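Peer 1: Counted the way the working numbering counts, the sequence shown spans residues 1 to 253.
Rather than coming from a laboratory, the hints here were simulated on the basis of the structure. Do not rely on the hints blindly, as some may be mistaken.
Quick list of in silico lysine-lysine cross-link-like pairs, DSS-like style, CA-CA up to 25 Å [claimed, not checked]:
(1) K2 <-> K21
(2) K152 <-> K240
(3) K17 <-> K2
(4) K2 <-> K113
(5) K152 <-> K141
(6) K113 <-> K100
(7) K152 <-> K21
(8) K235 <-> K247
(9) K10 <-> K21
(10) K2 <-> K100
(11) K247 <-> K113
(12) K17 <-> K149
(13) K149 <-> K100
(14) K10 <-> K141
(15) K10 <-> K152
(16) K141 <-> K21
(17) K17 <-> K113
All values derive from a computational prediction rather than experimental measurement.
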Amino acid sequence: MKALIIEDEKAAVRNLKALLKEVSPSTEVIDVVDSIRDAVSWFETNPEPDLIFLDIHLADGSSFEIFEHVRISTPIIFTTAYDEYALKAFKVNSIDYLLKPIGVSDLQYALDKFEKLHNDSNSRESLVALIRSLRKHERYKSHFLIPCKGDKLLPLAADQVEYFCIADGITRAVVSHQEQYIIPYTLDELAESLDPERFFRANRQYLISRNAVRDIDLWFNNRLSINLRIPTDEKILVSKLRVNEFKTWFSGH
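Put together the whole structure using the sequences plus the hints.
Peer 2: Following this line, the structure appears as structure tokens:
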């Protein structure tokens with residue numbers, strides 16, 4: 001059996017190859033591609049493999065974009081750390097998924113399932129239904145392409161960002177004490193396009209990540225002062241009217 005791996009994490013590729021050698025020695029990994037662009041190019045110039053291992057999130061975006069450019073009928077085993085709703089969708093559509101880090105028993109089960117479904121005439125329809133289902137839940141921006149000096153674009157994952165802020169009309173994504181990038185979006189646009197479970201619009205100047213919150217001070221007039229792991233130039237105050245909204249967001253309820 002010939003398998004293609006679409007994955008941008010080198011450690012994950014090494015792990016998967018090692019597991020395949022242990023679980024299914026007859027499986028030949030014919031190639032590894034690590035981006036949407038390279039995957040599209042690969043399918044345009046190569047015959048389809050017997051099986052594809054596909055990571056949902058690649059450095060240059062969601063791997064579902066691949067299906068917008070090329071037609072693929074090969075069965076797919078997704079490698080992911082996706083949410084519960086998506087995992088249910090995988091089961092309903094009879095296409096397996098592997099949660100990272102992948103274990104031997106999980107891979108063995110997925111390959112056994114693949115063998116059973118290999119000749120299923122409904123597999124293509126199931127794949128299409130799955131993609132449509134998950135695309136509905138891919139509406140939030142997960143990555144940015146940041147213009148750099150020259151003709152390069154730097155990929156930046158949304159979950160790397162501690163907070164977004166705006167000053168003098170310029171929006172910045174702050175990743176660490178040393179790293180921040182100018183983003184070609186307003187905070188209003190970011191608030192609408194990013195996952196509200198992860199980011200909260202604290203006020204007109206700041207859009208913060210839940211993971212970035214260090215602690216919270218009770219402030220004057222029943223407001224809150226949010227302290228982040230990375231110090232900010234000014235206090236991040238949440239108004240009295242939005243305190244309950246913030247508490248609900250932060251606790252995940």
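Peer 1: Enumerate the violated hints, using their earlier numbering and listing them in ascending order.
Peer 2: Hints 2, 7, 11, 12, 13 and 16 are the ones this structure does not satisfy, whereas the remaining hints hold.
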